[in-house]
Amino acid sequence: NAGVTQTPKFQVLKTGQSMTLQCAQDMNHEYMSWYRQDPGMGLRLIHYSVGAGITDQGEVPNGYNVSRSTTEDFPLRLLSAAPSQTSVYFCASRRLSGTGDGYTFGSGTRLTVV
Amino acid sequence: GENVEQHPSTLSVQEGDSAVIKCTYSDSASNYFPWYKQELGKGPQLIIDIRSNVGEKKDQRIAVTLNKTAKHFSLHITETQPEDSAVYFCAASKTNFGNEKLTFGTGTRLTIIP
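Protein sequences, first through last, are from chains A and B. At position 69 of the first sequence the residue is numbered 95 (our numbering), and the sequence of numbers has no breaks. At position 38 of the second sequence the residue is numbered 82 (our numbering), and the sequence of numbers has no breaks.
Because the hints were derived from the structure by calculation, they are not lab data. All values reported here derive from a predicted model rather than from experimental measurement. Note that CB positions come from ideal geometry on N, CA and C, so glycine has one too. Errors might be hidden in some of the hints.
[To be verified] Here are the in silico distance ranges between beta carbons for each label pair: (1) A:GLY89 / B:LYS86: 31 to 41 Å; (2) B:GLN89 / A:VAL140: 23 to 33 Å; (3) A:SER110 / B:GLU123: 35 to 45 Å; (4) A:ARG103 / B:GLY45: 19 to 29 Å; (5) A:GLY128 / B:LEU84: 34 to 44 Å; (6) A:THR46 / B:LEU84: 23 to 33 Å; (7) A:ILE80 / B:GLY45: 14 to 24 Å; (8) B:GLU100 / A:THR33: 33 to 43 Å; (9) B:SER70 / A:ARG103: 38 to 48 Å; (10) B:GLU83 / A:THR112: 15 to 25 Å; (11) B:GLU123 / A:ALA108: 39 to 49 Å.
[Claimed, not checked] Dumping the calculated EDC-like pairs for lysine to aspartate or glutamate here, alpha-carbon to alpha-carbon at most 20 Å: (12) B:LYS138 / B:GLU49; (13) A:LYS35 / B:GLU83; (14) B:LYS145 / B:ASP93; (15) B:LYS138 / A:ASP52; (16) B:LYS145 / A:GLU85; (17) B:LYS138 / A:GLU85; (18) B:LYS86 / A:ASP64; (19) B:LYS145 / A:ASP82; (20) B:LYS86 / A:ASP82; (21) B:LYS145 / A:ASP64; (22) B:LYS112 / B:ASP61; (23) B:LYS115 / A:ASP82; (24) B:LYS138 / A:ASP64; (25) B:LYS81 / A:ASP64.
[Stated by the list, open to error] Take a look, some chain B residues computed to stay more than 10 Å from chain A by CB distance: (26) VAL48; (27) GLN50; (28) PRO52; (29) SER53; (30) SER56; (31) VAL57; (32) ASP61; (33) ALA63; (34) ASP71; (35) SER72; (36) GLY99; (37) ILE106; (38) LEU110; (39) ALA114; (40) GLU127.
Could you build all of it, start to finish, from the sequences and the hints given here?
Below, the structure written as C-alpha cells:
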C-alpha cells in the first residue's frame with residue numbers, strides 16, 4: 027500500500043513550457059485534490075475531484091488543468107508555465123464515506139519556473 | 045469563502061513544556077477542523093481532528109479544543125519532545141461528502157529546544 031504517489035519530486039521549467047504533474051493513489055479514495063504551498067500562505071486548493079469524470083475548481087485554478095479518467099490517477103497540467111507557478115505542489119486524497127475522514131497527502135513536487 | 049487565521053507563525057518551547065497554537069475561522073457553517081504536521085521535505089500528515097459537535101478531543105500528548113461561539117480552535121501539545129519540531133497547519137471545512145474545500149491556516153513553525 028503506497029498511499030499517494032507524486033512524480034516527479036523536482037522539476038525546473040522554462041517560462042512557457044508545459045508539463046504534467048502526476049498523482050496516483052492505491053487506496054480507492056473517491057476524492058482527490060491538488061494544493062500549492064507557498065511561503066507564508068499555507069496550502070491553497072487548485073482543483074479537486076469527487077470521482078472519475080468529475081472535476082471542479084478550487085481557490086487558485088487559473089493556469090492549471092486537471093482530468094480524472096480513473097479513480098487512481100489525478101494529473102495536474104500546466105499549460106504554459108509562468109514564474110508565479112513556482113511552488114511546491116501536493117496531491118491529497120480521501121474516502122467520501124462518512125464525514126471528514128482525514129486527507130492523505132503525497133510527498134510533493136517542487137516546481138521552479140525560470 | 046472561508047478564511048482561517050493561525051497564530052503564532054513561529055513558536056519555540058523548551059523540551060518538556062507545553063505548546064499551544066490557535067486558529068480562528070470565519071464561516072460559522074464550517075464543521076470539520078483537522079490539524080496537520082509537516083516535517084521537512086514531506087507532505088502534511090493528519091495528527092488530530094475535531095468535528096463541530098465536540099468541544100475537545102485528546103490523543104495521548106495532543107489535544108484540540110473548539111469554541112464554536114467564538115469561532116476558534118486550538119492545538120495543545122504537552123510534554124513536548126524534539127520530534128515534535130515541525131510546521132503545524134490548522135484547517136477548516138464544511139464537510140459535504142466531498143463537495144467541500146479544506147481551507148488551511150498559514151502554518152506555525154514549532155521548534156523544541158533540548
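Which numbered hints does this structure break? Structure breaks hints 1, 5, 9, 15, 20, 22, 23, 24, 26, 27 and 29.
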